[in-house]
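A.B. asks: Take the given structure of chain A and dock chains B, C and D to it, following the hints.
There are 4 protein chains.
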Amino acid sequence: MSKENLIGKEIKCLDHGFVRLVDVMGDDGSIVQAARVSYGAGTKTVNEDRGLIRYLMRHKHTTPFEMVEFKFHIKLPIFIARQWIRHRTANVNEYSGRYSIMKDDFYLPDLDQIRPQSENNKQGRSDETFSSEKANAIREKLGKVQKELYTEYESLLGEELARELARINLPLSNYTEWYWKIDLHNLFHFLRLRIDSHAQYEIRVYGEALAGIVKEIVPHAWQAFEDYSLNSANFSKPELNAMKKLLEGQKVEDLDLDEIGLSKREFREFQLKLEQINQ
Amino acid sequence: MSKENLIGKEIKCLDHGFVRLVDVMGDDGSIVQAARVSYGAGTKTVNEDRGLIRYLMRHKHTTPFEMVEFKFHIKLPIFIARQWIRHRTANVNEYSGRYSIMKDDFYLPDLDQIRPQSENNKQGRSDETFSSEKANAIREKLGKVQKELYTEYESLLGEELARELARINLPLSNYTEWYWKIDLHNLFHFLRLRIDSHAQYEIRVYGEALAGIVKEIVPHAWQAFEDYSLNSANFSKPELNAMKKLLEGQKVEDLDLDEIGLSKREFREFQLKLEQINQ
Amino acid sequence: MSKENLIGKEIKCLDHGFVRLVDVMGDDGSIVQAARVSYGAGTKTVNEDRGLIRYLMRHKHTTPFEMVEFKFHIKLPIFIARQWIRHRTANVNEYSGRYSIMKDDFYLPDLDQIRPQSENNKQGRSDETFSSEKANAIREKLGKVQKELYTEYESLLGEELARELARINLPLSNYTEWYWKIDLHNLFHFLRLRIDSHAQYEIRVYGEALAGIVKEIVPHAWQAFEDYSLNSANFSKPELNAMKKLLEGQKVEDLDLDEIGLSKREFREFQLKLEQINQ
Amino acid sequence: MSKENLIGKEIKCLDHGFVRLVDVMGDDGSIVQAARVSYGAGTKTVNEDRGLIRYLMRHKHTTPFEMVEFKFHIKLPIFIARQWIRHRTANVNEYSGRYSIMKDDFYLPDLDQIRPQSENNKQGRSDETFSSEKANAIREKLGKVQKELYTEYESLLGEELARELARINLPLSNYTEWYWKIDLHNLFHFLRLRIDSHAQYEIRVYGEALAGIVKEIVPHAWQAFEDYSLNSANFSKPELNAMKKLLEGQKVEDLDLDEIGLSKREFREFQLKLEQINQ
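Top to bottom, those sequences are chains A, B, C and D.
First residue of the first sequence? That's 20 in the working numbering, and the numbers climb one at a time after it.
First residue of the second sequence? That's 20 in the working numbering, and the numbers climb one at a time after it.
First residue of the third sequence? That's 20 in the working numbering, and the numbers climb one at a time after it.
First residue of the fourth sequence? That's 20 in the working numbering, and the numbers climb one at a time after it.
One chain only, chain A, in its complex shape (with noise of 0.2 angstroms):
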């Protein structure tokens, strides 16, 4: 899609939220145009230009890429807004709630998302659902809190209270927006971050919306972006010596994960990788 379709257009995220593409400056010649400054070079052909960008995200040049820029309008919850703020080189212009009223807008997971606690990972959800039941009894139990906020938000709001202190009992899953500009080479740190299967799955939604943006604008960074960092996968020193055994014929369970220097938690780490390298 042209960048003139792009912009504008809502990409609805999560129940009530949305990425918007407000403006960008430049595309994957301007990431060539840069690197060419500093190295003394004029135009070159299209497939020199992916080459060279090719190049650039292999060998970590990473400069060139911010010489594109993006700017959204994003709506969001404010437990997400507050992973994503954490990402400090942006720019952000974000709705207040000291100065405007906040809307009547929060996120209720739909019920294949209400899970249990994972067990092996300790920041996230389990991959088992819950029975329909007990998902659907905790959807309605978020969805009655919330409504009740909202009606005590706005009550005191009646009685004049600051809109300040009026607000503070919101709860996390309240809708938020804001302008969000940010070059590409952060963009795609933050991407890769946050379309990670370990991201919470709310903030991955908003990660894929704003990828499917990405590669429309920046075609051959994307495609490089994805070969050489989000589909790479990186090897400890201790790793490297296990891959050299296997690349010797030894099998994976005969490991001296001693002698290599990989603890117990590691080997599995490794195992998965090279599960990954197998699919």
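Each hint should be verified, as a subset may be incorrect.
It does not matter which identical chain is meant; a pair holds if it fits inside one copy or across any two.
Said to hold, decoys possible - The list that follows gives simulated cross-link-like pairs (lysine-lysine, DSSO-like), each with its CA atoms no further than 30 angstroms apart:
id: 1; residue 1: 234; residue 2: 256
id: 2; residue 1: 31; residue 2: 263
id: 3; residue 1: 283; residue 2: 141
id: 4; residue 1: 122; residue 2: 79
id: 5; residue 1: 234; residue 2: 31
id: 6; residue 1: 122; residue 2: 141
id: 7; residue 1: 256; residue 2: 22
id: 8; residue 1: 28; residue 2: 122
FYI, nobody ran anything at the bench for these hints, they're computed from the structure.
Predicted, not measured: the structure shown is a model, and the values here were computed from it.
C.D. replies: Then chains B, C and D, alone, in the frame of chain A:
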């Protein structure tokens, strides 16, 4: 108070929060030491050091102030944390509601802070107060909701709902904690904005607590900050035009706003600055 | 001049340098658009937009100004590049002397800029000039050395010495080039410091060239910047004390510096500000 | 070596340069302390601390590493300073050639570092050396020019030319000095790039000196950095495809590059990684 006595000492803020100095690198001497590399000169007397610090502050030579670093442990309500985190030039490690159980601590404003919306300041509370009955009623309401929300949170955890979901209806008044590390230049910038009368009262309380610590660690830099920044006043070009007239003997009430280039709103702001002068 | 006419146009700076606008994202409207997300309000008239921009600038609400982004191609002497790069909140791709051959372009000051050390400003040149014979002699000397150094550089390259070593004796007057991308808020900060009379003349020339472009792209923001920042004056607490006395009718020469808290040096600075007012 | 013994100790770099640890805030324990705020857990045994540090490094949980801060005094040639300063997330105070007289110290490479341009690495020197006569001749030439340039500089100063102008023909080999303050996470990033074999030899020397200090101050973090970052290898998606074939028993020379998706250039890079594994 000496650095040794300050480190580890909890300074209470609001009802359940605190600021605690964890560590500090440098003092007034470090500012001078760094500045003298740029000026290429040797050590001097205490008096010359003080003079240099004041000179640097006055002329906005900010980099030497970046050479002092503070680390704090802070407990604060989430709605304040959301304002705080907008200062990007700092390092943060926050308590995670995905990984850990949020604590049963909520901010409940003191009665005299429960106030109506300000009429001339769209983003703040009034200087007026409610009747003590009304303030009491609002406070009880707020407290009751907080109790109910924590009970709900515990019940969702009891049903094994993933922590990252169970917390989404916790309110912005819930307390969080973080380690926050920042250099003196950026801390001054934070303080200038956050102990200002336009800042929300609750963050001002933290600003004052931080200021109390900074003052002890770098007394000369603090004094310079007060004289040249915090208690200084900036006059716009139109305000300087007005000042010229006043210095020539004209009376404030006779100023020709159109000629001077001041809007009515700006003129009121100008009058406030004159009052500040005459205090 | 329209954005379309500005993009690509080379603005000459010094003898061989230039500033060229490569791309820009946003205009005055983008500042307002971003601010209105934080304020949660709809579109307004041109006049209200202008008023809002001025309000934001006056009250140092800086984030909406970060929503406009400029990209420049700049050719500049290395000693200027070294001052310039201290502004960290920008993206840069510089021509590489390791990868490419440095060009035979050196900065040779105009005769009227070849001046003695200033006596009261330790880091600048005097307002006085040399005799034209002396200035001429110095200029010839500088030019001769530059020629010899480039010949030497070429001879080392001719002997196959690695480029990254052959260039180490090239002088700071050699020109380099870069792509430089920065948002409007940080660009204003750069300009405030770099078109100031204390900045080195050679970087001021670039500052003025950048300012000329900014003025065309965001005329309302520029005007606000001039009125509230560039042409404003900051008065320290002691200076406000002095101002109070003057407004009460006391004469400058009768001020009691000790009582007011002004050092002699600060008093001279205060007098300069009064002169600025009376211009 | 203890922190107390490290602070103030000058580590010589190149012919006239040095790295000197001025101050440090924190140690391995500070990383753990900050991480445990996010995890809401108390202090643990040394062994658990080490394990946590390794876990954080492995999973790129970078913020706790930002909680350790280093301050260095460094003397280095200007062409190295120009590469160094590109790392923006640091605080810097540099000796000023506008304010002070530049010193008579220039970098003259050792004979074995005077080498021809590399043929396969466009931005570096070859592993080959020149004949000792040729290297000697080049070295003498470089040294002679440096002497002449400093004599010229002194003569211009003698004629009262402003320092900010007299220095413009000083070469990039001239030494400068600065205070440099950076957190551990960003220092690791700096070291990863600057002790890499693709970095210019002269900056690698400084990288190694810094590494030697870091290793002593945060031994566990350093070990984790070596294992999971410095000595790790990243395999792109196409390289993982190749790896799969190799693990299935195929020989490197039989790989079908088109099928796998590796260009010839990438294939050579892949072979280098395999060699690294087999070391």
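A.B. asks: Any hints from earlier that this structure breaks? Give me their numbers in increasing order, please.
C.D. replies: Of the numbered hints given earlier, the structure breaks just one, which is hint 2.
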